[in-house]
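Participant: Read off the chains here:
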Amino acid sequence: MTLFTRGIILASVLALAACTNPDRFDSAGAGGAGGAGGAGGIGAPGSASDPRSPLYFQQTIGDRVLFQVDQSSITPEYQTVLDGQAQWLMTNTDYVAIIEGHADEQGTREYNLALGARRANAVQEYLVSRGVAPNRLRVISYGKERPIELCSDEACYSQNRRAVTVISAGLSS
Amino acid sequence: MMTRVLTLLAALLVFAMPAAAQTGGPLRIEITEGVIEPLPFANPDFVAENAAAAELARQIARVVSEDLTGTGLFREIPASAFISQITSFNSPVQFSDWRAINAQALISGAVSVGGDGSVSVKFRLYDVFAGQELGDGLQFNGTQAGWRRIAHKVADAVYSRITGEGGYFDSRVVYVAEAGTKDDRRKRLAIMDYDGANVQYLTDSNAIVLAPRFSPNGDRILYTSYESGFPRIYVMDVASVGRRALPTLEGDMSFAPRFAPDGNTVVYSLTTGGNTDIYRMDITSGAATRLTSTPAIETAPSFSPDGSRIVFESDRSGSQQLYIMGANGGEPQRISFGQGRYGTPVWSPRGDLIAFTKQSKGRFHIGVMRTDGSEERLLTASFLDEGPTWSPNGRVIMFTRETQGATGSASLYSVDISGRNLKQIRTEGGASDPAWSPLQR
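For the record, the sequence lines run as chains A and B.
Here the first sequence stands for residues 2 to 174, numbered as in the working numbering.
Here the second sequence stands for residues 2 to 442, numbered as in the working numbering.
None of these hints come from the bench; they were simulated from the model.
Given the structure is predicted, the values throughout are model-derived calculations rather than measurements.
Be careful, since some hints might not be right.
Stated by the list, open to error - Listing some non-contacts, in silico: residues in chain A with all C-beta distances to chain B over 10 Å:
| id | residue |
| --- | --- |
| 1 | Pro46 |
| 2 | Gln60 |
| 3 | Gly63 |
| 4 | Ser74 |
| 5 | Glu106 |
| 6 | Ala121 |
| 7 | Val140 |
| 8 | Pro148 |
Claimed, not checked - Here chain A is said to cover these stretches of chain B; the calculated rule only asks that three of the stretch's residues, wherever they fall, bring their Cβ under 8 Å from a Cβ of chain A:
| id | segment |
| --- | --- |
| 9 | 296–302 |
| 10 | 383–396 |
Claimed, not checked - Just some of the chain B residues that point at chain A, by a computed CB distance under 7 Å:
| id | residue |
| --- | --- |
| 11 | Lys183 |
| 12 | Gly275 |
| 13 | Gly327 |
| 14 | Ala407 |
Beta carbons: idealized from backbone N, C-alpha and C, even for Gly.
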């Protein structure tokens, strides 16, 4: 194998790795958790098919809720996602979560910070109502500072109006 | 005897200043509504009074000219048109030579550099057609490193004498310097002269920083940073760059801080349980008082210059609108009623106007209105304009303009309050969230 083709393969592996994590700003938290998971389960330990793995939480259950313009209410579709998140968190009690609220770019900076906080809070309240202990959840808003999709159209905006539940191995205390 | 009154209808101001302020010498710009012809002036290189001053004498005159022409109210006559030269600061001026090229104002200056590196600049302003000086000659002393400030002070004096308004050139702007693509944007706090010169970075780009604001005398900066992992308010000393976080409870988010005119009280937004309200804090004691209490988003507070009232935005009506309340809270009064959403209100340093961001039909505008909400005027329109800040004399507004799409980036623009003279401020890389300092002393 030439150096050149090896380079290509390496590049594709990296690209694949990037794809499995749709929100690159969350990679630190979720990636860190990946190493801690993987005890038992159906699939390969730590993989997206292992129900105890953070990857399963992120990809199979779904780590995010999308919102309508200016709204922070959770539609039935995403209530199902959050039901799955709540169940996972109650099963995997070693994990804690930070819920990150975001807004699209159509709005002033500080208003969007407050709007992102509303969205993150709506998710937190829902998870708590499904039995997750409040002290395992924390919220933060990034407003419009951390878009994942970059175009200036509704196709991108709808992906950016989100609240992402980022799990990590809990503190020992 | 013929008197010639130079009248120039300048467009800087829509909300015309009172007639009483328009008195003065015969050379003047009457700043009223209307299309204007910029006032032609001559500004020969300043006289170098010793060899060490040669370069500065030229540079200082250039910056004075850039300040004046940058307002859109003045037009410089090129040196190639000059009939006579100014070779000595104290020689009589040949007014006929300057009249012949239609220079209505003439600036003459002299620079000397001392052995210790000190700089001394003298200047005179002449009303060419009246054949006399406008105001007395002035002298400014400073350092070689601070030569641009001296130039700005000269330009401020010229601007003030001709317009009757306070100057704004000897001022600074704190802002957020941006680098990287939209999904990997790195932000750091920076400070520069109002014209983009002398940039200094105040933070690194490891944490998001947002929306800085100067203290009333310009010695400190309030801003929001994620350096703790969560958005919190910090206060930074400009001279030492030392900073401290304002006290906040674990789990709460605080942002949108602005100083009160007393320089010790801060109003800001605090988010707890998903709900954002406005609070005030004594930053010496850390004691905080809640000023609004609704389930709506209340943010972007700004004090009136006398400290008695606060304008802010709230979506309590269902969409972002502007409200005014007392400095201690109480029932607010809504002042914005047009179509669309209104945010980021900023009270003018003159007290007469409120600048804001308006979103309407998918466009963003910077606008101004009176403090009772009347006489709304939109000054700009683009894909995304936001976050106005006032020049120290309340005549110019700087703001953020962001371009659309995947390659979108932010830069700083200024516009005068009639909507004229829109221009980009030069910065290295992207820039957002400008806040204008008071005039320096």
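Participant: Enumerate the violated hints, using their earlier numbering and listing them in ascending order.
Facilitator: 5, 6, 7, 8, 13
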